[in-house]
Amino acid sequence: MSIGDWMERRVGWRRLMHEGLDEPIPGRSRWAYIFGSGLLFVFMNQAVTGVFLALYYVPSADHAHKTVEFISKQVSAGAFIRSLHSYGSSLMVVILLLHLLQTYIYGAYKNRRELLWLFGCFLFVLVLGMSFTGYLLPWDQKAYAATAVATNIISEVPLVGNGLKTFLRGGTEMGTLTISRFFAMHILMIPAAIVAALALHVFLFRRAGAAGPPTTEDKLRALPVEPFYPRQVLKDFAFGLVIIALLMVLAMARPTSLGPMANPSDPTYLPRPEWYYIPIFQWLKYWSGPASIIGIVVIPALLFLLLFALPFFDRSPERRPHKRPIAIGSMLLVFGGLVWLGARSYTEDRRDPAVHARLLAQEEEERRFAAAPFAPEEVTAATSSTVQKLTAPESKGALLFVSESCAGCHGPGAKGGAGLFRLPNVATTFPGEQLKAILRKPNATMTEGGMEPIVLKDDDLDGVIAYLKVITQGR
Amino acid sequence: MTPAEPKTRRSFLGTLAIAIGGAVGAVMAIPLIRFATWPMRHNGGSAAWFPLGAVDKFADTTPVRAEVEVRKTEGWRATVTKQTVWVTHDGVGKLRVLSAVCTHLGCIVPWKPELKQFVCPCHHAFYSADGAKLSGPQPRGLDSLPIKVENGTLFVKYQYFRQLTPKPEVIG
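From first to last, the protein sequence lines stand for chains W and F. This note's numbering numbers the first residue of the first sequence as 6 and each following residue consecutively. This note's numbering numbers the first residue of the second sequence as 46 and each following residue consecutively.
No lab work stands behind these hints: they were computed from the structure. Incorrect hints may appear among the rest.
Straight-line alpha carbon distances no greater than 25 Å define the calculated DMTMM-like cross-link-like pairs of lysine to aspartate or glutamate that follow [as the list claims (entries may be wrong)]:
1) Lys193(F) with Glu114(F)
2) Lys127(F) with Glu399(W)
3) Lys71(W) with Glu114(F)
4) Lys462(W) with Glu382(W)
5) Lys441(W) with Asp464(W)
6) Lys117(F) with Asp67(W)
7) Lys139(F) with Glu214(F)
8) Lys127(F) with Glu382(W)
9) Lys117(F) with Glu382(W)
10) Lys202(F) with Glu382(W)
11) Lys102(F) with Glu114(F)
12) Lys202(F) with Glu383(W)
13) Lys401(W) with Asp464(W)
No experiment lies behind these values; they were computed from the predicted model shown.
I would like the entire structure built from these sequences, with the hints used as guidance.
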């Protein structure tokens with residue numbers, strides 16, 4: 006029996022392969038269908054590079070920036086892997102938009118594909134959530150400022166806004182708790198939701214079958230059918246190679262930058278979000294005062310609602326784009342609007358001399374920081390792991406505990422450790438004068454363990470005993 | 046369905062895709078492995094020279110206790126710990142700086158002026174004023190540290206040694 010047969014009996018992999026690869030595609034394979042698989046490739050890139058980045062990253066306001074700087078400047082291939090991750094997030098948004106547009110233009114959300122579409126939209130929001138939470142983690146000026154602005158926008162939501170902002174930030178201000186929760190969302194919660202939604206998305210896609218090109222029902226039925234493998238698989242695969250090559254070239258040619266550490270007290274810093282949030286950033290500029298709730302909350306919420314609910318109200322079976330002027334027209338309007346807003350933002354920044362100069366200065370500051378050599382974070386280690394307020398005799402005892410080499414066998418603070426003897430609660434084990442006696446003349450068990458008689462003046466020994474009582478029982 | 050691709054062609058394309066995918070995966074694995082194994086290639090380096098003070102301060106032949114700040118780098122952070130050293134002289138009066146770590150089991154060894162010996166309080170290891178082994182369970186004398194004198198200042202480079210070996214072995 007071959008290994009293949011042996012595995013087949015236990016796993017049934019041939020049937021799985023058949024299920025996976027022989028999915029019929031009406032109207033044959035097309036380059037237009039590569040984006041879904043493309044997203045899977047980028048997702049794999051994000052997962053692998055993300056897991057490796059977690060080897061060095063520390064999610065705390067004290068260390069986040071230093072560890073990202075360490076990754077970028079010190080660790081072998083660190084700048085490269087961090088760049089793969091950060092460019093990957095941009096590419097994810099690009100391919101996601103292409104996937105969305107292709108599905109939209111082809112009318113592929115029609116014909117009992119409402120849930121498939123719904124999970125796609127849900128994944129879209131989750132991906133935006135990933136880029137939002139991930140952007141903060143380096144904790145540099147740009148990350149801090151962009152997240153401060155974004156979380157402030159959330160507080161515009163009526164009734165729950167302020168609560169939501171405080172919840173997201175883990176407090177009224179941004180700080181170390183913000184990093185912790187953004188980190189947990191970024192590496193645990195949202196990825197788990199993505200995996201679950203992705204599984205359902207793919208399952209529903211397979212269940213509904215490939216939609217094929219946008220044409221009439223009758224013509225679609227007459228079109229030749231081709232299995233997913235080999236042609237479509239190879240097209241998807243070729244796209245995957247292009248993605249990896251593109252990411253590698255970008256990561257090597259222009260490594261992702263890191264600015265100076267976030268400084269909340271710097272009011273002159275001009276925040277600018279990642280490029281794909283720029284249109285929304287620009288949009289928000291047009292709204293102020295009581296009307297801002299319309300621009301900031303109502304209109305975006307309505308657009309997302311329309312997007313989610315699309316297959317529920319666009320019920321006509323017509324899929325040909327030229328026969329769907331409203332659908333295609335509104336799509337062009339929204340995308341045209343977003344592109345226009347993005348372009349406006351860049352030109353406004355360029356035309357305002359003060360803003361332009363400030364942004365250039367910030368870029369220059371970032372370049373200087375990137376070029377500066379890495380210096381590790383200096384920590385002065387405490388000699389004892391317990392920081393306690395000690396009385397004068399106790400602190401004398403603490404010094405003697407170290408200088409008389411007690412700590413050598415009992416560990417710092419008599420806490421024991423590998424190969425060390427942890428001290429019991431001395432006051433209850435040897436009550437009254439017993440303790441002093443046993444220290445001057447250790448018993449057999451103690452001597453066996455290597456304990457030596459303590460030769461100290463009486464008041465010095467009292468200091469040691471006072472200290473021992475503090476560290477073994479507390480106060 | 047269109048007639049299926051000839052079987053050999055199908056499996057050839059599949060093998061090709063797997064081969065290319067494997068090659069790309071292998072290339073991508075190189076930076077990832079180098080990234081993950083960085084700490085194995087960077088163990089913090091050796092300590093820097095630490096000034097102990099003017100060399101004249103140590104003219105007396107009685108060993109003098111001094112503290113050395115030892116800076117240790119772990120990736121992105123550097124910790125500074127204090128270590129005890131004994132400044133003393135060897136048999137012909139040349140300056141020596143000894144690590145206070147007992148070569149037996151690593152206790153810190155104090156100087157007993159009344160005995161004119163170093164006596165380890167843990168297991169009675171006795172050392173002479175220049176650090177040589179006198180008696181006890183220790184395998185060798187106290188370890189002497191690299192020193193230099195520059196512009197009248199004594200510098201020491203702190204090192205950690207392996208315990209229980211007859212010859213000193215620097216471990217960091």
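Right, here's what the structure says about each hint:
1. Lys193(F) with Glu114(F): 16 Å, holds
2. Lys127(F) with Glu399(W): 21 Å, holds
3. Lys71(W) with Glu114(F): 23 Å, holds
4. Lys462(W) with Glu382(W): 43 Å, violated
5. Lys441(W) with Asp464(W): Holds, at roughly 11 Å.
6. Lys117(F) with Asp67(W): 19 Å, holds
7. Lys139(F) with Glu214(F): 23 Å, holds
8. Lys127(F) with Glu382(W): 18 Å, holds
9. Lys117(F) with Glu382(W): 11 Å, holds
10. Lys202(F) with Glu382(W): Holds, because 22 Å separates the two Cα atoms, which is no more than 25 Å.
11. Lys102(F) with Glu114(F): Answer holds: Lys102(F) to Glu114(F) is near 19 Å, not above 25 Å.
12. Lys202(F) with Glu383(W): With a Cα-Cα distance of about 19 Å, the restraint between Lys202(F) and Glu383(W) holds, given a limit of 25 Å.
13. Lys401(W) with Asp464(W): Roughly 10 Å between the alpha carbons, so the hint for Lys401(W) and Asp464(W) holds.
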